[in-house]
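So the sequences go chain by chain: A and B.
Letter 204 of the first sequence, counting from 1, is numbered 204 in UniProt numbering, and no numbers are missing.
Letter 288 of the second sequence, counting from 1, is numbered 288 in UniProt numbering, and no numbers are missing.
Source of the hints: derived by calculation from the structure; they are not laboratory data.
Don't take each hint at face value.
Copies of the same chain look alike in the list, so a pair counts if it fits in one copy or across any two.
Result set (DMTMM-like, lysine to aspartate or glutamate): computed pairs, CA atoms no more than 20 angstroms apart in a straight line [as the list claims (entries may be wrong)]:
1) K70 <-> E312
2) K219 <-> D288
3) K219 <-> E96
4) K150 <-> E226
5) K150 <-> E28
6) K290 <-> E205
7) K150 <-> E96
8) K315 <-> D114
9) K290 <-> E226
10) K70 <-> D181
11) K219 <-> E28
12) K70 <-> E212
13) K197 <-> D238
14) K219 <-> D181
15) K197 <-> D98
16) K197 <-> E96
17) K197 <-> D82
There are 2 protein chains.
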Amino acid sequence: MNFTTPERQFTQVDAYPTRLHDGERLSERLDPVLWSEWHEDAPITRAEADHYRDKGYLVRKDVFSPEELKLLVETSAHLREDPSGIARDDLISEPESDAVRTVFRLDAHSPLFDRLARDSRVAGVAEFLLGDQVYLHQSRLNYKPGFTGKEFYWHSDFETWHAEDGMPRMRAVSASILLTDNSALNGPLMLVPGSHKTFIACQGETPENNHETSLKAQKIGVPQPETISRMASELGLDAATGPAGTIVFFECNTLHGSNGNITPDPRSNAFFVYNAMSNLVGEPYAADRKRPDFLANQGRPVPDPIAPVTGEIRKG
Amino acid sequence: MNFTTPERQFTQVDAYPTRLHDGERLSERLDPVLWSEWHEDAPITRAEADHYRDKGYLVRKDVFSPEELKLLVETSAHLREDPSGIARDDLISEPESDAVRTVFRLDAHSPLFDRLARDSRVAGVAEFLLGDQVYLHQSRLNYKPGFTGKEFYWHSDFETWHAEDGMPRMRAVSASILLTDNSALNGPLMLVPGSHKTFIACQGETPENNHETSLKAQKIGVPQPETISRMASELGLDAATGPAGTIVFFECNTLHGSNGNITPDPRSNAFFVYNAMSNLVGEPYAADRKRPDFLANQGRPVPDPIAPVTGEIRKG
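For reference, chain A alone in the conformation it holds in the complex:
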C-alpha cells in the first residue's frame, strides 16, 4: 500500500486528558477506529473489518502453516529458557518468582520474531487498519506460566501510552500471536467489545517511574470497578481463545485484562504494538518523564517504518 504520511500533528493539544485530580471522566472517542476504506484487495474480509470497527478487536485463526508455527514456538521457548543474552532491562519476572514473564524488544533479540513483526499477515493488516505506514511502538514475548500465572487487571493500553509515552491519538493497534493454545480456563485475553469507543480518563497522578511496578500489577491508569461493571454489563465480555498460531488484533483503546491461571497449561504470546507513522510519540501528556525505549520506541531520530514482507517465515 502507498501512504502519504501527513506531518506529525495533534501534539500541541492534549486530545485525551487523563490522570485527573478530581475523579474519573468518560468521553467519546475522537478518532476513527478503522482508518482505511475496505476494498477487494484488503488483507482482511469486509466482515472482519466491520467486526474490528464495531468491537475493537479481531481474532484470526489458521494464519500460519504448521512449519511456521513450530519454528515460532521453538524459538520462543529458546529465548525464555536461555535469556542470558538479553539485557536485564528487557526482562520482566513474575511478581513472586524469578520466572521470565516478558522479554521486551523481541524484534531486537530474535531475527525470526523480527521477521514475524514485518510479516504482511501481521504488519500488513496493521497498515490497513491504521491507514498509514506503521512502526513498532513496542514488541515483546509474554509468558504466563501454568499454576502461578497472575492476573492482569482491566485497562486501556492507549490511556498509558498517551499519559506516559506521549502517543497523541488513537491510531495504534496491538497484534498478539498466540504461541500456546489458549482456552477460557488458562487466563486468556478478555475484552469488553465496543469499549474502544469511549475514553476513560483515569483518576490519580502518575508516580515517578510508574512503569517499574505497573508492568507487574497496574495500579494507576485503571478504570474504577463500577465503570468496568457498567460497561461489561452493557457491552458484554469476550475471551480471545484459540489454538497456537491465532492472531488477536486489538485496538489501542479496547478495555482488556486477564485472569490468573492455576491450570498446568502455560500461556505464551508474541506481542507487537503498531503505531501509525503520523502518530509518533512526543512528550508524555501526564507523566514527568518518558518511559524507556523498550516500552515506547523513540527511534533515532524517528523509528523506521515497516515494509511488510510476504511469503513463508523460515529459519535463517
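Position chain B relative to chain A; hints supplied.
Leaving out everything else, chain B in the frame of chain A:
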C-alpha cells in the same frame, strides 16, 4: 430408600496414610465410587450414574423452579449483606479485605438452606451415590466477588477430611448449588475427570491449627505441580459451568480448584458435604487435634441422618 447402616468400621486402620515425611505417594483408590446399583427408580439417570462413577462428578441443570431459585438467591444475598447474626467462627473473609467469602454452618443459620440441604434433589441423590443414609459433614455459603476473587489451588477434599477430620473412607460427596451464573471466565470449579480413582498422599506434616490459614490458601495437603500436570495431561480438565440453579455433585477425592476472577461477575454457591452414616469421623489420621465443628460436624453424640424431603422449596 432403606439402608441398614453397618457398624462403624475401618477406623482402626489408616487406609489412606498421608502428610508423609518422605515425599508424595500415589495409590489406587480402595473404595467404590458409586455405592448403589442403578435401578429404574434411582434419582438420576443411568448415564448420569455412569458419568459420576467414571469421572468423579456430575453436573445437573434445571433442577429448581424459577421461584425456588429466586428465593435461594435472595436469601443468600441477605445472609451475606447482613452477617451480624452469624458467629465470628462461622465467617471467613477474603485474604485482602473484610468481604465475606464463606458462611459456615449454613444450615444452622438459615431455615431455607437447611430445607435445601434436606431436599431429595440434593440429599436424595447423595444417598443414592453413597448407598447409605447421609448427614452433613460441612455446609457453607461461598461467595467469590467479582474483580478480586482469589484462586483456590488444586486439592482433594478427602485428603484433608481424612488427615484432619478423621474421615475413614471415601464415602462422601459434595453438592455445590450455583447461586450465580458460572461461566468459564469467572472462576468456575475446575475438575480433573477421573482423578478420584487415585489417592495422592501428600508430603508435609500438618501444622497446628492448619485450618486457620488453609481456608484462605491451602499450602499443606496439596499435590505437587508435576503430579497435577501429569494427571491433567492424561485425564484432561473440565469446568463445572452453568446457570444459577445448577447442582454440581463431586466425589470427595476428585481433584479440583478454581482460578481467580477479575470479571465483574461474582460467583456464589451453597455447598453441602454429605457423608455416609457408616463413615462417621473419628480421630484425625494425620493431625494433632480435630478441626472445629463448623468444618467437621461431630454431632452429639453422633450427627442426625437426613430424611430427604420432596416437594417445592417455599418461604416460611
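Legend entry - Hints not upheld, ascending by number: 5, 9, 11, 12, 14, 15, 16, 17
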